[in-house]
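Chemist: Given the structure of chain Z, go ahead and fit chain V onto it with the hints provided.
Here is how the chains run, residue by residue.
Protein chains: 2
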Amino acid sequence: MKALEEKILKEGKVLPGNILKVGSFLNHRLDVEFIMEMGREIARLFEGAGVTKILTIEASGIAIAVGAGAAMHVPAVFAKKNKTGNVDGELYQTVVHSYTHGTDYNVVVSAEHLSADDTVLIVDDFLANGKALLGLIDIVEQSGASLAGAVSAIEKGFQKGGDELRARGVRVESLAIIDSMGDGNIKFRPQ
Amino acid sequence: MKALEEKILKEGKVLPGNILKVGSFLNHRLDVEFIMEMGREIARLFEGAGVTKILTIEASGIAIAVGAGAAMHVPAVFAKKNKTGNVDGELYQTVVHSYTHGTDYNVVVSAEHLSADDTVLIVDDFLANGKALLGLIDIVEQSGASLAGAVSAIEKGFQKGGDELRARGVRVESLAIIDSMGDGNIKFRPQ
Numbered sequence: 001m002k003a004l005e006e007k008i009l010k011e012g013k014v015l016p017g018n019i020l021k022v023g024s025f026l027n028h029r030l031d032v033e034f035i036m037e038m039g040r041e042i043a044r045l046f047e048g049a050g051v052t053k054i055l056t057i058e059a060s061g062i063a064i065a066v067g068a069g070a071a072m073h074v075p076a077v078f079a080k081k082n083k084t085g086n087v088d089g090e091l092y093q094t095v096v097h098s099y100t101h102g103t104d105y106n107v108v109v110s111a112e113h114l115s116a117d118d119t120v121l122i123v124d125d126f127l128a129n130g131k132a133l134l135g136l137i138d139i140v141e142q143s144g145a146s147l148a149g150a151v152s153a154i155e156k157g158f159q160k161g162g163d164e165l166r167a168r169g170v171r172v173e174s175l176a177i178i179d180s181m182g183d184g185n186i187k188f189r190p191q
Numbered sequence: 001m002k003a004l005e006e007k008i009l010k011e012g013k014v015l016p017g018n019i020l021k022v023g024s025f026l027n028h029r030l031d032v033e034f035i036m037e038m039g040r041e042i043a044r045l046f047e048g049a050g051v052t053k054i055l056t057i058e059a060s061g062i063a064i065a066v067g068a069g070a071a072m073h074v075p076a077v078f079a080k081k082n083k084t085g086n087v088d089g090e091l092y093q094t095v096v097h098s099y100t101h102g103t104d105y106n107v108v109v110s111a112e113h114l115s116a117d118d119t120v121l122i123v124d125d126f127l128a129n130g131k132a133l134l135g136l137i138d139i140v141e142q143s144g145a146s147l148a149g150a151v152s153a154i155e156k157g158f159q160k161g162g163d164e165l166r167a168r169g170v171r172v173e174s175l176a177i178i179d180s181m182g183d184g185n186i187k188f189r190p191q
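Residue numbers (my numbering), protein chains in the order written: chain Z, 1 to 191; chain V, 1 to 191.
Hint data in this document are derived by calculation from the structure and do not stem from the laboratory.
Keep in mind that this is a model prediction, so the values were computed, not measured.
Wrong hints could be hidden among the right ones.
Which stretches of chain V does chain Z cover? Using the computed rule of at least three CB atoms under 8 Å from a CB of chain Z, they are [as the list claims (entries may be wrong)]:
{"hint": "1", "stretch": "31-42"}
{"hint": "2", "stretch": "61-73"}
The list that follows gives simulated cross-link-like pairs (lysine-lysine, DSS-like), each with its CA atoms no further than 27 Å apart [what the hints assert, rightly or not]:
{"hint": "3", "chain 1": "V", "residue 1": "Lys13", "chain 2": "Z", "residue 2": "Lys81"}
{"hint": "4", "chain 1": "Z", "residue 1": "Lys81", "chain 2": "V", "residue 2": "Lys21"}
{"hint": "5", "chain 1": "Z", "residue 1": "Lys21", "chain 2": "V", "residue 2": "Lys81"}
Glycine included, every Cβ here is placed at the ideal spot set by N, Cα and C.
So that you can see chain Z by itself, here it is in the shape it has in the complex (with noise of 0.2 Å):
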């Protein structure tokens, strides 16, 4: 998506330890409109899929999966991480493990919103080693709803997440995928 490749040169800061910070429009200020374009994109990506319900996490994941909901007219399910009084009944979870955090967390999500007549797009906002996805397939799995794919908005490609899933047969699609980001030199793979 050229826009969002031109969002993230423009306004993407790069950091020691391959962090890239869009913190200007798509994990801390949202910038709405643009969140409603790539939901849009999303939309047209998995045109004829029969997806009936988008999966994401909390929190970060959130606003992309409200675009592409609206763009796409299904509902949108936000896993939790750990478990909290807002959450009971019967429970599909897993465990995450965070390379940003050092830590394992738990994800869960409520029975009652997903079932194995859904057909699931599981979207977020990064996708890096993949480990979230990786939770948010077992849970789509633990369900057994079918899974139509999985998007990331901003791929860093050059971790083996999104490769690794491909190779697996998952259908990943990203809206922007970089494949180096060394000295602040932010280089896109061609799609």
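Modeler: Relative to the frame of chain Z, chain V by itself:
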């Protein structure tokens, strides 16, 4: 908002301890089309107020903030709970007490995303004792921005947060106000 009251009656579940579960459309599964409709109602309520930015708090405020931002054509900022590696530079921060979890937590907003030029509308899913809202108002005051008011989707009118803020002169609108919900029998305040 009549449609929201009807949805609460139809899909909400009252649990012991005055807990209202609306996970089927507002804070776990997201009824995206309905959230966009709530956003349009928020835009209607604050038409002409000169709002330049929506402010909410992660995680469950994000969806309705996106709905409001889309309808009002303004960006949204979500405050983060506890400081993470992705928020750096100058910060506005405050401490919020959570009755649900019995703990205090830090709330931060990067100073680059809120300034004295902004007119801010605070948006959240629930308003009960008002502690989260007070924290967000504190952050707005630190930034020097003007406060247009605050909107919650669902206010627990039998707790004091909303009415205390109104008594202080803050414009507080709620799309539905529950005056009582004893024995699972939900009564709304006429608006």
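Chemist: Take the hints in turn and mark each one as holding or not.
Modeler: Each hint, compared with the structure:
no. : hint              : in the structure
1   : 31-42             : holds (count 5)
2   : 61-73             : holds (count 8)
3   : V:Lys13 x Z:Lys81 : 22 Å, holds
4   : Z:Lys81 x V:Lys21 : 18 Å, holds
5   : Z:Lys21 x V:Lys81 : 18 Å, holds
In summary, this structure violates none of the numbered hints.
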